[in-house]
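Student: The residues making up each chain are set out below.
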Amino acid sequence: MIPDELAREMESHPAVGPVFKRLLLELERADDARSLERVRIDYLGRKGAINALLQDIRNLPAEERREVGRLLNLLKSRLEQELEIRLERIRERELEESLRLQKLDVTLPGRHIPYGTRHLISTIIEQIEDIFLGLGYRVVEGPEVELDYYNFEALNTPEWHPSKSLQDTFYVEVPGGNYRDVLLRTHTSPVQVRVMESTPPPLYVIAPGKAYRHDVPDATHSPIFHQVEGLVVDEDISLGDLKGTLENFARRMFGEDRRVRFRPHFFPFTEPSAEVDVSCNMCGGDGCRVCKWTGWLEILGAGMVDPNVFSYVGYDPERWSGFAFGMGVERIALLKYGVPDIRYFYDNDLRLLRQF
Amino acid sequence: MRVSLQWLSDYVDLVVDAEELADRLTNAGTSVESVERVTGGWDGCVVGRVLEVFPHPRADRLSVCRVDVGGEVKEIVCGAPNVRAGMLSPVALPGARIADGKLVGEAEIRGVRSWGMLLSEKELGISDDAEGVMVLEEGMEPGTDLHLALGLEDTVLILEITPNRPDCLSMLGIAREVAALTGQALRRPRIQVYEEGPPAEEEVRVEILDEEKCSRYVARLIDEVKVGPSPWWMRKRLRAAGIRPISNVVDVTNYVMLEMGQPLHAFDYHLLKEGHIIVRRAEPGDRLVTLDGVKRDLHPEDLLICDPGGPVALAGVMGGELSEVSSRTSKVLLESAHFEPSGIMRTSRRHDLSSEASYRFERGVDPDGCLPAADRAAGLIAELAGGKVRPGAVDVRARSVAPRRLELRVERAGRLIGITLNKEEASRILESLELKVVGISEDRLRVEVPTFRPDLEREIDLVEELARIYGYQRIPATLPRTSHNVGFLTREQRLRREIARVMAGCGLHEAITVSFVPGWWLEVLDPERRHLPPQPLRLRNPLSEEASMLRPSLLPGLLEAVRFNLNRRLVDVHLFEMGRVFLPLEGRKLPQEPLRLGAVLTGRWLPKPWDGEAQDCDFYTMKGILEVLMRTLHVEDWELESGEGPPFLHPMRRGTVMLEGKEAGYMGTLHPRVAENLDIPGAEVMEVEVAALVEAAKDLPPFKEIPRFPSVQVDLALVVDEEVPAAEVERVIRSAGGDLLREVRLFDLYRGAQIGKGEKSLAYSLVFYSLERTLREDEVREIVEGVVGALAAELGARLR
Ligand SMILES: [Zn+2]
Chain A
1 MIPDELAREM
11 ESHPAVGPVF
21 KRLLLELERA
31 DDARSLERVR
41 IDYLGRKGAI
51 NALLQDIRNL
61 PAEERREVGR
71 LLNLLKSRLE
81 QELEIRLERI
91 RERELEESLR
101 LQKLDVTLPG
111 RHIPYGTRHL
121 ISTIIEQIED
131 IFLGLGYRVV
141 EGPEVELDYY
151 NFEALNTPEW
161 HPSKSLQDTF
171 YVEVPGGNYR
181 DVLLRTHTSP
191 VQVRVMESTP
201 PPLYVIAPGK
211 AYRHDVPDAT
221 HSPIFHQVEG
231 LVVDEDISLG
241 DLKGTLENFA
251 RRMFGEDRRV
261 RFRPHFFPFT
271 EPSAEVDVSC
281 NMCGGDGCRV
291 CKWTGWLEIL
301 GAGMVDPNVF
311 SYVGYDPERW
321 SGFAFGMGVE
331 RIALLKYGVP
341 DIRYFYDNDL
351 RLLRQF
Chain B
357 MRVSLQWLSD
367 YVDLVVDAEE
377 LADRLTNAGT
387 SVESVERVTG
397 GWDGCVVGRV
407 LEVFPHPRAD
417 RLSVCRVDVG
427 GEVKEIVCGA
437 PNVRAGMLSP
447 VALPGARIAD
457 GKLVGEAEIR
467 GVRSWGMLLS
477 EKELGISDDA
487 EGVMVLEEGM
497 EPGTDLHLAL
507 GLEDTVLILE
517 ITPNRPDCLS
527 MLGIAREVAA
537 LTGQALRRPR
547 IQVYEEGPPA
557 EEEVRVEILD
567 EEKCSRYVAR
577 LIDEVKVGPS
587 PWWMRKRLRA
597 AGIRPISNVV
607 DVTNYVMLEM
617 GQPLHAFDYH
627 LLKEGHIIVR
637 RAEPGDRLVT
647 LDGVKRDLHP
657 EDLLICDPGG
667 PVALAGVMGG
677 ELSEVSSRTS
687 KVLLESAHFE
697 PSGIMRTSRR
707 HDLSSEASYR
717 FERGVDPDGC
727 LPAADRAAGL
737 IAELAGGKVR
747 PGAVDVRARS
757 VAPRRLELRV
767 ERAGRLIGIT
777 LNKEEASRIL
787 ESLELKVVGI
797 SEDRLRVEVP
807 TFRPDLEREI
817 DLVEELARIY
827 GYQRIPATLP
837 RTSHNVGFLT
847 REQRLRREIA
857 RVMAGCGLHE
867 AITVSFVPGW
877 WLEVLDPERR
887 HLPPQPLRLR
897 NPLSEEASML
907 RPSLLPGLLE
917 AVRFNLNRRL
927 VDVHLFEMGR
937 VFLPLEGRKL
947 PQEPLRLGAV
957 LTGRWLPKPW
967 DGEAQDCDFY
977 TMKGILEVLM
987 RTLHVEDWEL
997 ESGEGPPFLH
1007 PMRRGTVMLE
1017 GKEAGYMGTL
1027 HPRVAENLDI
1037 PGAEVMEVEV
1047 AALVEAAKDL
1057 PPFKEIPRFP
1067 SVQVDLALVV
1077 DEEVPAAEVE
1087 RVIRSAGGDL
1097 LREVRLFDLY
1107 RGAQIGKGEK
1117 SLAYSLVFYS
1127 LERTLREDEV
1137 REIVEGVVGA
1147 LAAELGARLR
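One line per chain: the protein sequences are A and B, in this order. For the first sequence, this note's numbering assigns the number 1 to the initial residue and increments by one for each residue that follows. For the second sequence, this note's numbering assigns the number 357 to the initial residue and increments by one for each residue that follows.
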């Protein structure tokens, strides 16, 4: 209890003093909720010490009686407050003790919540799709088992072209038919032809998907791989538009600080054609093993759609112009995430899948 | 193609350094793969003049030479038979390193001190000639570093020539590009032939029987040649180009091919019957031993160079052994012809034989280049092999080739490129490439294309030349200006992404497996072909038997992936794949390629936590995943129908996935026999048609009101016969429960002593509420009694 003026007055009062002093002693001794409750009963209870004193003061002269009564009433309320405080303090202490017993090792691992992952190739395809969706393109698809016509002929590939040989192209045996012109598409470019055949211009599309080549698997070759093909046909499309589009893409995909280089190249179905390089992210363009000491990484092939291709699909090459581009998804994964071996993508080794 | 800059500078002044030149070529479409500094591969060697030669006092075959190595005269012991006083020869001084990496020191040879060694060409890595010491040409100062003296310090550009640019397969072609890219003039080699003796046509006759495949054949005759090694300068250039020097006559044919792009062949005239060349296709029984020593049976489509006795060369590919130029040759018939590209390509493929010549013919050689190349080579043979060129070339043309003329619309070209282009600039660029502008009218240029550019056939080809030389890097980067393109994913594409995300979110890793599988999978999974197509698609030319079938199901690939991981002790495998399968369509060329979603689970679903038990993958794990998928796609009408299913599933643990009443796939436990065959402990699998999922998926449903009045929950424990499917029980509960029954959830399944044998107990919790009011106890009780009654009547269920 607060040792203030009032306490001193109570302590020195001849009638209240002894009870007060005893009370102080007992309060000090009470160290749990039960003993505090006893103190409450002993002093504040109907038959408690304070009530007993109040009985006694009836015999005192009126003036004194008023004085003692005032002191005892004050004592009562003070004691009630005091008990409340002490009880609260004890509860606090008991809670602390019980919390201490509930201690956990927070460094133990959490409950296992199953988690899965997307395949890196799918993720990259979605990244590419999203960049081109933002540029106003739509996503289209075509069959993986294709006809020679779509895969080669309508893409202006000459009959004798080396890529048509059995060493480069998988040909498909169709049960019940002896066709020589059914194959696994060697690129996603036939989708271009199919889309142009079925849709009048203008066209802004990309075509992601699987493609196949007759390559024995090694670190950089796989008989199966993924490509994303792009095609734009509209009025007044220029090589500059192709350049701007692919620069835009390359920076989104590989980083805003990348430099992009366009080199003339040759593809049967585009003219003029280009190969596109981005500055090497491993060495920043100074030259390293990854970029074969050139500072550049080749990421895609592109060009203006050859007028011959337009004639195959019945577009007027005098009115429409367009560009097409194609990129290898595995190559982008190799370059962007440093996966060193293309075969890893098809092993489905959990230790790889879980990384992405 | 390997381009020596030393050699190149014969034809064009190189005004930029090698790196800059490489960049400019690359940026103009002739990609430079690398820049190689050439040195001899040795060091510490100098030019020496042999002053005196004495026999070695104690060895017959050795001699002791006094050699001036530049201000100093040293004694060197030498074993070469050709050493003689006065000759200039390479000397390796003590401390030098020769081509094979050996260090040369001072040595004592049979009692005579040798101060270094005189070197053969082999020891310098220049040729295989180890017979004698190399003889250097006069004019070199003794003591000069050998690299300098031999002019060996060179830079070689390794170029990737695209198939449309056969003209770049020659030094002159590259020089033309370089001239255009650096604004320099092109210098052609001076062609000089001194002719003597009777005319060539008196002794040479050429007949072209296949005019389709051979448009021109030029033959020149050179008599009195002395076959021997070529001079150093030529051997050096051939070496830089990656061609092994052979003899002066053969080297000249290679040299001129490299210089001008026209493949040439030299025959030993005396080994040809009657000097009569016949160009024809192979006839039955024709055979030829080519220069590589292989005896070849010829195909009727192969074009041959023959004499009246039979084939002497595989035209445009390789000469024959029997008419080969050798050291005994004294009279040479030089062939410079033009062959049609695709025929050469087929022959080269057919015989798996390719050569520098076939490589060039396949891509297209200048049809007008035969004569100058023949003259150039004849002149060089006369000069280097001391021959006499017989007057006149025997020049047989099947048809003549006129240069092509093209129209170029300059403004349109500029628009296609994305630059503003005027006629002057366009003309300047075209003429820098030796295209002739022969007429200018309004906006058009008339352009004459020289015959060495067979790739320039259309206006667009000229546009490419303009863009290329103008420089792609100078074209401003723009975006298409139109705005009527709107990008979006179709509903199906959107849902596919959603499906993949849900599967990954459920804890499965996305796999991509290859589309070809071994044929034996059919036998393992479905020997009677009750589920898989009886005849799947196969590859005509598979890489191996193990990759010969186009997958009719995602299951083989996924199970292969499981095996791959199990072999690496990764035993908890949870995979899904979304990919196409290939199903033949009766009477159609192209198969169906439905996109499927497949999944496989094996091992533990949850690993053992540190305070509890592990949980294995089981049937209901996969079913739970399917349920999450259906819920996320808002598929309302689906069920797993028990009973029939693919034979590769456990007959008692399988079901057909029904979407809106239609079969859409399967789900179940892999048949233990199949698991055993595959050597895996077991797996839960499923495969569903993505199109069916997409069709059954609903868009987000409209808002349903949230109840404001309290709900009532009633738990029912029922006993039914073991054979009664849970779905039936739930169906009866729902239909008898009426509109106020909002939720039915199974919370316990019991089999055991407290109920009868062949029975099971199912405990359901039923939740009722109304959106309008608080339900009365008695009305709920009444509904529940109705439910219990229906269960008893329909399924023989009783309360437990
Ligand atoms: Zn690098």
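Because the hints were derived from the structure by calculation, they are not lab data. All C-beta atoms, glycine included, are put in the ideal place defined by N, C-alpha and C. Fair warning: there could be bad hints in the mix.
Derived lysine-lysine pairs resembling DSS-like cross-links, with alpha carbons at most 27 Å apart [unchecked claim]:
1. 945/B / 979/B
2. 210/A / 945/B
3. 1018/B / 964/B
4. 979/B / 779/B
5. 103/A / 1018/B
6. 292/A / 336/A
Residues from chain B shown here face chain A by an in silico Cβ test under 8 Å; the list is partial [stated by the list, open to error]:
7. 783
8. 785
9. 788
10. 794
11. 796
12. 819
13. 843
14. 895
15. 896
Student: Compare the structure with each hint and give your call.
Tutor: Comparing the hints with the structure gives:
1. 945/B / 979/B: violated (37 Å)
2. 210/A / 945/B: holds (20 Å)
3. 1018/B / 964/B: violated (39 Å)
4. 979/B / 779/B: Cα-Cα ~72 Å, so violated.
5. 103/A / 1018/B: Outside the cut-off at roughly 56 Å; violated.
6. 292/A / 336/A: holds (16 Å)
7. 783: Interface hint status for residue 783/B: violated (19 Å vs cutoff 8 Å).
8. 785: Hint on residue 785/B: violated, closest Cβ of chain A at ~13 Å, above 8 Å.
9. 788: Where the cut-off is 8 Å and the nearest Cβ of chain A is about 15 Å from residue 788/B, the hint is violated.
10. 794: Violated: closest Cβ of chain A sits about 23 Å from residue 794/B, beyond 8 Å.
11. 796: For residue 796/B, the interface hint is violated, since the closest Cβ of chain A sits about 22 Å away, which is over 8 Å.
12. 819: At about 6 Å, which falls below the 8 Å cut-off, the nearest Cβ of chain A leaves the hint on residue 819/B intact, so it holds.
13. 843: holds (4 Å)
14. 895: It holds, given that the least Cβ distance between residue 895/B and chain A is near 5 Å, below 8 Å.
15. 896: holds (4 Å)
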